[in-house]
Structures are given as C-alpha cells and as structure tokens.
Amino acid sequence: GENVEQHPSTLSVQEGDSAVIKCTYSDSASNYFPWYKQELGKRPQLIIDIRSNVGEKKDQRIAVTLNKTAKHFSLHITETQPEDSAVYFCAASIGAAGNKLTFGGGTRVLVKP
Amino acid sequence: GAVVSQHPSWVICKSGTSVKIECRSLDFQATTMFWYRQFPKQSLMLMATSNEGSKATYEQGVEKDKFLINHASLTLSTLTVTSAHPEDSSFYICSAGGQAPLVEQYFGPGTRLTVT
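If you read the sequences in order, they're chains A and B.
Using the numbering used here, the letters of the first sequence correspond one by one to residues 1 to 113.
Using the numbering used here, the letters of the second sequence correspond one by one to residues 1 to 116.
Where hints are given, some of them may not hold.
To be verified - Which residues of chain B face chain A? A partial, calculated answer using Cβ under 8 Å:
no., residue
1, Cys13
2, Phe34
3, Thr49
4, Gly53
5, Ala72
6, Leu76
7, Glu104
8, Thr116
To be verified - Below, simulated PhoX-like cross-link-like pairs (lysine-lysine); rule was C-alpha separation at most 25 Å, straight line:
no., chain 1, residue 1, chain 2, residue 2
9, A, Lys71, A, Lys57
10, A, Lys37, B, Lys14
11, A, Lys22, A, Lys57
12, A, Lys112, A, Lys71
13, A, Lys42, A, Lys22
14, A, Lys42, B, Lys55
15, A, Lys57, A, Lys68
16, B, Lys20, A, Lys42
17, A, Lys22, B, Lys64
18, B, Lys41, A, Lys112
Just so you know, these hints were derived from the structure itself, not from any lab.
Glycine is no exception: its CB is placed at the ideal position from the N, C-alpha and C atoms.
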C-alpha cells in the first residue's frame, strides 16, 4: 500500500520567514496530493491540493510543488504569520472519488513573533 | 462548500460499554465515508472505508467486530465502539467523499472519546 513520509516533524520559524515541509510517497499510481492544516482539537482543513498533471500550484502565501519522477511534493509558506502555527499534514491518494487518503506523520509549525 | 457533521463532539463512557458516533453529510450525497482515529500528537490513521449499502472495508489491524460501521444512507455513517476500553480513548474523525469527479474529502469536526 501507499506510504507517505513527512519531514520535518517540527519546524520553528521567525515571523515573516518562509517555511518548507517535504513529503515523499511510494505508490507511483497516486495522483492527488492535498495538504491539511489542523489546529488543536479541530478537524483538518484543506489548504491546497495538487494533481499529478501539474508541477506547481500557488494560492497567495501558500504554494505546493510536485516532482512525480522523484515521488515527492513540498509545501511552501511565505511571509509566515503567528496564525500559521498549527500542525500540517500532507496526504496522497489515487485521485478518484471514494479513494482513501494516506497521511504523512505531520509537521508541527511554530511561528515566533 | 460541503459540510460534514459529527455527533457527539465529545463523549465519556465507562469501560465495557458501547458508544455510537454519527457522521452526516449535510448538503451533499456521500457515496463513501472514511473513519480515522487520531491519538495525541499523531497523524490520522484510517480505520475503515464505508460505502453506502455495502460492508465496510477495514484497514489491517483494525478489529471489525469491535469497531462496527454502518453506512445506511448516502448522508449517514455510524461508528460504534463496542466494549470500549481506556486504550480506545482517542479523537475519531470521519470524512466524506463526494461523487465523481470530486476527489476532495470533507472532514467532520471529530469526536473526542474518553473511556474511564
């Protein structure tokens, strides 16, 4: 089955700096890669996703890049703000309706003011 | 956007009792629902995939007789934790997938289960 590795497990950055989280996946059939932000005790919230026919996607301060050949994808947050502090999860799926997500281990991001 | 609700949001029960958690898609039909368990400071671990009108598919290591899943309609799936023990205490989250071509999953707010 699919295996998703996520690094780093914790990340501390100064406000205004950039944060980068990296994930690798094992199943070459995976073609849908969402990123979630989870605050303590709350549901995961989708912040951005990318499909395998695209190499990069950007939404304001958040961007995701995908390298299908190397089977890795990354989340980039620029101009970090204290409210970006949370746990971030990457996931991979064979992107058809009803297909399960496999999650990475999570990255705890702390943005210091 | 699509909304998924869960009930209850938290529950405390005594060891040996059973607890039922409901997951509802409020404004769309969910052909597939997923149940996850999340221990503190850990990732979401998929427990089972629930398809409307058929038996759930359980992940390896998840006891199907302990975690009963019923997906009776396109808007409701239930998870029953039977004979709960303290080690079952966790955050249980459901998600619902829409119909093709939608691939995004919509998460419920989670249920905090504490077994005493």
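Hints the structure fails to honour: 1, 4, 5, 6, 8, 10, 12, 14, 17
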